[in-house]
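Protein chains: 2
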Amino acid sequence: MATIESARRWVYLFTQGDTNMRDLLGGKGAGLADMTKAGLPVPPGFTITTEACNQYYDLGEDFPPGMWKQAIDALREVEREAGKGFGDPLNPLLVSVRSGAKFSMPGMMDTVLNLGLNEDTRQGLARLSGDERFAYDAYRRFIQGFSSVVLNIDSKEFEAILEETKERARAKLDTDLTATHLKDVVSRFKELVKARTGKGFPDDPLEQLRLAIKAVFASWNNKRAIDYRNFNRIPHDLGTAVNIVTMVFGNMGSDSGTGVAFTRDPATGEKRLYGEYLTNAQGEDVVAGIRTPQPIMALAQEMPQVYQQFVNIARRLELHYRDAQDMEFTIERGKLYMLQTRSAKRTASAAVKMAVDMVEEGLITKEAALQRVEANQIYQLLLPRFDEEAKDRLRRQGSFLAKGLNASPGAASGKVVFHPGRAEEVASRGESVILVRPETNPDDVHGMIAAKGILTARGGATSHAAVVARGLGKPCVAGCEALRVDVEEGRFSVDNRVISENEEISIDGTTGEVFLGRIPTIDPKFSEERELITLLSWADEIRRLGVWANADYPRDAARAREFGAEGIGLCRTEHMFFEEERLPIVRQMILAAPEATALEDELARLRRELAAASEHQKGEVKKRLAEAQGKYDTSHKVKDYYGALAQLLKFQTEDFKGIFRVMEGKPVVVRLLDPPLHEFLPRYEELLVEVTELRIRGDHPAQLAEKEELLQAVADMREANPMLGLRGCRLGLMNSAINEMQVRAILTAACELSKEGIDVRPEIMIPLVGHVNELRLVREQLEKMVKKVTEEVGVMVPYKFGTMIEVPRAALTADEIAEYAQFFSFGTNDLTQTTFAISRDDAEGKFLLQYVQRNILPENPFQVLDRKGVGKLIEMAVELGRKTRPDLKIGVCGEHGGDPSSIEFCHQVGLDYVSCSPFRVPIARLAAAQAALAGVERDR
Amino acid sequence: MATIESARRWVYLFTQGDTNMRDLLGGKGAGLADMTKAGLPVPPGFTITTEACNQYYDLGEDFPPGMWKQAIDALREVEREAGKGFGDPLNPLLVSVRSGAKFSMPGMMDTVLNLGLNEDTRQGLARLSGDERFAYDAYRRFIQGFSSVVLNIDSKEFEAILEETKERARAKLDTDLTATHLKDVVSRFKELVKARTGKGFPDDPLEQLRLAIKAVFASWNNKRAIDYRNFNRIPHDLGTAVNIVTMVFGNMGSDSGTGVAFTRDPATGEKRLYGEYLTNAQGEDVVAGIRTPQPIMALAQEMPQVYQQFVNIARRLELHYRDAQDMEFTIERGKLYMLQTRSAKRTASAAVKMAVDMVEEGLITKEAALQRVEANQIYQLLLPRFDEEAKDRLRRQGSFLAKGLNASPGAASGKVVFHPGRAEEVASRGESVILVRPETNPDDVHGMIAAKGILTARGGATSHAAVVARGLGKPCVAGCEALRVDVEEGRFSVDNRVISENEEISIDGTTGEVFLGRIPTIDPKFSEERELITLLSWADEIRRLGVWANADYPRDAARAREFGAEGIGLCRTEHMFFEEERLPIVRQMILAAPEATALEDELARLRRELAAASEHQKGEVKKRLAEAQGKYDTSHKVKDYYGALAQLLKFQTEDFKGIFRVMEGKPVVVRLLDPPLHEFLPRYEELLVEVTELRIRGDHPAQLAEKEELLQAVADMREANPMLGLRGCRLGLMNSAINEMQVRAILTAACELSKEGIDVRPEIMIPLVGHVNELRLVREQLEKMVKKVTEEVGVMVPYKFGTMIEVPRAALTADEIAEYAQFFSFGTNDLTQTTFAISRDDAEGKFLLQYVQRNILPENPFQVLDRKGVGKLIEMAVELGRKTRPDLKIGVCGEHGGDPSSIEFCHQVGLDYVSCSPFRVPIARLAAAQAALAGVERDR
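Here the protein sequences come in this chain order: X and A. Take the first sequence: its letter number 359 is residue 360 in the numbering used here, and every next letter is one higher. Take the second sequence: its letter number 868 is residue 869 in the numbering used here, and every next letter is one higher.
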């Protein structure tokens, strides 16, 4: 490992690199090289490559051979260009040392400014600038920054010295301190360094440079950076580049300044130069928020020529990169220097607007536009969000409390609650709750479920709170370090403000902001999202995957259609069963079912026996048959059973008519009843308590008897593992009357509407099939019913018959199953549960999140499809199914149907469509187009 | 379909066929042809082929073209040989028409005797035999048999006429009736036929023949035959042949007779002619049991020459077929005729003895011997069985009650109980119970579980009772039609005997016999089963698969070793946890675990945070760390947790020492803790009732508080689907101290024994792995512990590390998993559950048995490995695993490891061993050898 040839190139001058070298030079280095090449005013400098960083780690934190020498050579070249000397007391060159990875990781890694100063060069700087104070100020900033980043001394200790000096000098601002004050500060800073490190502050500029480079390399692996990469799925082996840039100073008087600007508004996407500018300041002053910056337009007033030069540069950069740029610049004594340009981070709506505008401006192609917007981002555009005006009002009133990590998007207001149990309690009264915790752990999940949003003081993007909240789809602001949360006392404080339990706050998970008070939310109107609609129409041109929606009610189907769904991929009939007026009927049916089906099975069995009986057995069998028939005819349960089914038939027929009407001309896949029947009954535990109470009290014998009967019925139906029990198609095979009722309702609805001239396209889907025979039997049953209904109504509606693939065995035997199925729909939720042998309900709170946090699983497989395991089964099923039936239509209707990474996989393995929740239809349309584009690129 | 060329051959004379034509001629036809060819005295006859039968069905129950003509031609040839004429009044040829499929289906299909009789030929028969009575007797038998089989008239109606006649004549036996009586019987029989069919009894012999052939074809598809084939896995498309055989009469005086004999004793396998003989009788008299037959030796007395001829024939037949034969013969006026020879059905112990004896006699090869014994059969040899002497004593005392279907092997005595609930109740008092039902259904399963055996009056080999009993491994006699069961009155009757609830009975599921009273059982001693031990030693020479056993205790391991197990493939540590003295300690550990692990996780988290903290954060993190450490140090739960673990460590170390000692020199695979921890706690429902009671009574507040705490703890651990929850390796990853304790116990036991000079071969197995990272982490943990224990004890024991493959994802990603596993063991129970998404506990009572009965599933996949689904996953895993690690050792440790069909599959896909319950080890040894032999045959 240690035999790296020193001939390898580790260092590039800005004049030597270009935009295609991002891997090697990092984003910042490539941008600086690019701008240098384009002749823009960039301070001279050079970049040490990401490869050098990786080698540095491979060598046990040692520079690779040759690197240091190349850096010194580059430094000599920079000296030549700048006309200054590094460490030259007469004409000192100062540099900044900046991290810069391939992908932007803002604020995660370290930077050192003003490097090259010591007492000699400080004097030179004072002479050259003619400003003693300026030189001392630069020196004390350097010592503080270098000590914090390189020597690991707490910055606060330096701040304390500065504050003390200010107090003593009765100075309000740093700028009120004189050169004399600052000279004192510098000497006290040096004493502090000696006290903390046992050595003097390093005076040799080359030693400073060497240490700073090592520190920047080291910052690639600090915890913040690792967490950030984990969250943003940036590989850990990219390494960071190090940029050494000639210092320019924006704080050399009123003809100097510094600023940050975007070529387009990063919040709205509007095409206008947008940014901030501060006269006579250095970059860190802008960041520190000590002085309030002016809008960039102020520069037009103050330095019209420089402004015009900047506007031109901004235009050139956007044209060059064909994307909105985020630029840093400094003006030193009237001369503009560009310090950075990079693709601008932007809000979801800005991303959409920029992409569409740039196509309309002829800047990029539609394909490029589609790739500019992260599919998951547009979810935000459809979520309720805070009214920005109301938010601004609160901000002006001083109700802004703090900003944390935007851990899970969305907006929520509610009463502050500190205990998860209390959150449940308050929420159960119908009140909105924000759960505030120092941090969360698995015991808090029930409270998180009850809350509208979650706010934590500690923890990053992969903290428990963040992961769970995203899983729950709830807004979360995490790691809001300004908060001091005192759970015992029931309050939290920010600076000196104390907020108590039950006060209302608002959190914006999209921005990370926290406000005191309630902010009204607004529901975005899809029809008004002009740019989004345009972008999605382009997506529709390019994608091959169909996008359908999961919807159980006409209102959901209508929304899905508005969002562009091309069909309903999953209509769950059980949700209809839970409606208030129906539940008693459903329960009547369920409680009568065991007796009714047992009697029917007995009749059927005896009829078969009779048919097969030898002559001398026949008499006895006939007798038994007559007895059984008598029992059947007089059974109350049989009457209850068929009475309830008849009522449900009416309800369901109307349900299906509603959905079919809304989805006229589009396919609607109706899944037959899936959950175990006991889900519709009262909970066993509750009944057990009631019965126990009644039994001990002994005062209501009749009620006790009734409850006991119910308890027994529920007990008979209980299952140890209901997910793997009597549900799915097993239900319909054991209770064929339920299946018949449902199929009759679907067909009757379809036929009657068809008679009205409505184009209805029903598809009947059988859940939880594991063996082809299950499907075959249901299909036979169905076909009988089709004949019956067709005759009754007098019209024939074409329909499709298919199955969920949600059991591993179905995927493994898809060739057999395709004999009887015209379509497959992957139920990836259940397929993931069975493939992993993980019950989602049980696992998420108990070990799954820990698995993800501890990197045992790369992601939660219920959110992002597991390609290696579940995906392999899907690929097998697609291949086997199409072998039997080349025109087999295949979709996915699990939650993964709305997840971009999973959608990409669906595209790759050749599915026909994905079906997702209505709100995710736009995401899926975009993600499907991106998958198609990625496929084209891969194939090139 | 109807264009069958009439040139095809549908009919073979006995002189034309041979032993290789079983497919075409059926077993009986081939045997008759064979004997004819060998010059044995067989009455002339011919066979209509099985193909003709299949064509008959394909043509909608019509003879294929040409068949009838060929039959007539053959009949003419038979006439010539017999020197008689079919329908010739002077010298009539009579024939029997007998079914005969490829595989013997005794009693399942129909036969007609004496065919060719009408009033004219009856007279001829009387003249020729010189016996008027004989001719009338033959005629009335013919009418009765033909009418029942061909005309579907209940036999009982004919019996009634005969009985009435006997009463009128004051005759005790049929033989007491005179020719005059029988003449009257014949004419009343004919009247009955006319009354029932509206037509006279068919007089034309050819018409009789045509109808009888059709009836035999039809009997292939009667219910009994279909059920029998289903149960015995005989394909339904083989068809039956029809044999037309010249009638010979054993009832023509004292120089005539009929009998059945075996070349070896079918019960013991002893090499001696064994059989029964009845002078002056026809075959049906033997079957009907009207007269008690004599042992075959009687023939040596009565007709020494014929006996000697028969002995010679028997010897020739056994030599020819190289297998024990079951022969039917008739002696007509001193002349011997062979009517059938076939491979003899035999008991398990006879099968073993015959196979071994024949090898020792040089009759067959060892390979042939191994294929002569059905592997599953030898299970019976190891089951407790009735003391035969005691059984005979009861029989002599008249305590034999009835014989039903031997639906599930084994012997059981107990109190008669009719209600499943009562069965549970009585069994819970420690009493043995036999559940007696008219038939069973899924509601009875709990009672079947409680009972020692099951007896039903109705239902065949695939009835609910039979299927469930075999599944439960309990003896069952089913379809015992002599029983009249009156559940309401709590009694059953056989003939005129009434047996009431609580009386003791004994059932022999191996023979189908039912006795009144208790019969002592005896446990067979394996070491005394000389022939079985010999046979299995041959199996060991031939099999490639290793045979290991699943055993949790030293006593089971010792038994397994005695039975020939070559290792322990699954030692379940959780069973040790359930022992009475340990359960309280286990509970203490479990109840303390959540707090202890949470505190540890917090400490670990804070230590990581401290390591990653920036300088200015460190102070605060240190403070929090100190607080957490304080909490941890003072926590009672932490003390409880580690206290309990320390105690368990001692127990487990001794447990493992016990097993390792017994298995010296053989591998022992120890599986780490698998079941969810809540399985060790009191049941939630019971606690809920207790707490509710205490709460309402309000008189024991302290006890209430304690129970409430326990209830809460149990509630926190409950899972909706525990099978898919926090269990398997997930447990050890979330509670690493438990894993460490177990691994330490295994290694300490191994190292300490090794120090004593004992050869210990531990293999540590991780359950429920779904992702390679799970295995990797446990392995890292393990290796640390290995180092520790090795240092402590001062010796190093080689060990293996591997995993169960019981989750589909593990099979799908076996290439990754094999990186960290030295062996795989397929947990086919769980793999079947997850591949099918079927919870066995829930399904077997609720739908799985129905699925099997209704042929939705071909078999219960928990008994016979599902090759298409689960098997496909196994094949994939084997291939992927060996790709990564060519020397990967692979076994199976689910219940399928003891099932012959599944063992064959394991052999085929190249596993290294199967591991099964100790009692099944001999089966597995034999089945593995059979699989190897089948493989050799296939490869030829």
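No lab work stands behind these hints: they were computed from the structure. Just so you know, these numbers come straight off a predicted model, no measurement behind them. Just so you know, even glycine gets a beta-carbon here, dropped at the ideal spot from N, CA and C. Some clues are possibly wrong.
[Unchecked claim] Straight-line distance between alpha carbons at most 35 Å, and here's what the computed DSBU-like set of lysine-lysine pairs gives:
#, chain 1, residue 1, chain 2, residue 2
1, A, K789, X, K224
2, X, K224, A, K785
3, X, K157, A, K632
4, X, K157, A, K624
5, A, K640, X, K191
6, A, K788, X, K869
7, X, K624, A, K619
8, X, K619, X, K788
9, X, K173, A, K623
10, A, K367, X, K167
11, X, K200, X, K157
12, A, K85, X, K224
13, A, K640, X, K224
14, A, K890, X, K785
15, X, K191, A, K785
16, A, K346, X, K869
17, X, K346, X, K404
18, X, K847, A, K346
19, X, K640, X, K404
20, X, K619, A, K623
21, X, K640, A, K224
22, A, K195, X, K638
23, A, K416, A, K404
24, X, K623, A, K336
25, A, K623, X, K404
26, A, K624, X, K416
27, A, K624, X, K404
28, X, K619, A, K272
29, A, K890, X, K847
30, A, K623, X, K157
31, A, K873, A, K367
32, A, K157, X, K624
33, X, K367, X, K788
[Unchecked claim] Under 7 Å between C-beta atoms, here's a sample of chain A residues computed to sit facing chain X:
#, residue
34, L688
35, V690
36, E694
37, L695
38, I697
39, N722
40, L725
Handout entry: Hints that the structure is at odds with (numbers, increasing)
Key = Violated hints (numbers, rising): 5, 7, 10, 12, 14, 15, 16, 18, 19, 20, 22, 24, 28, 33, 34 and 37; every other hint is consistent with the structure.
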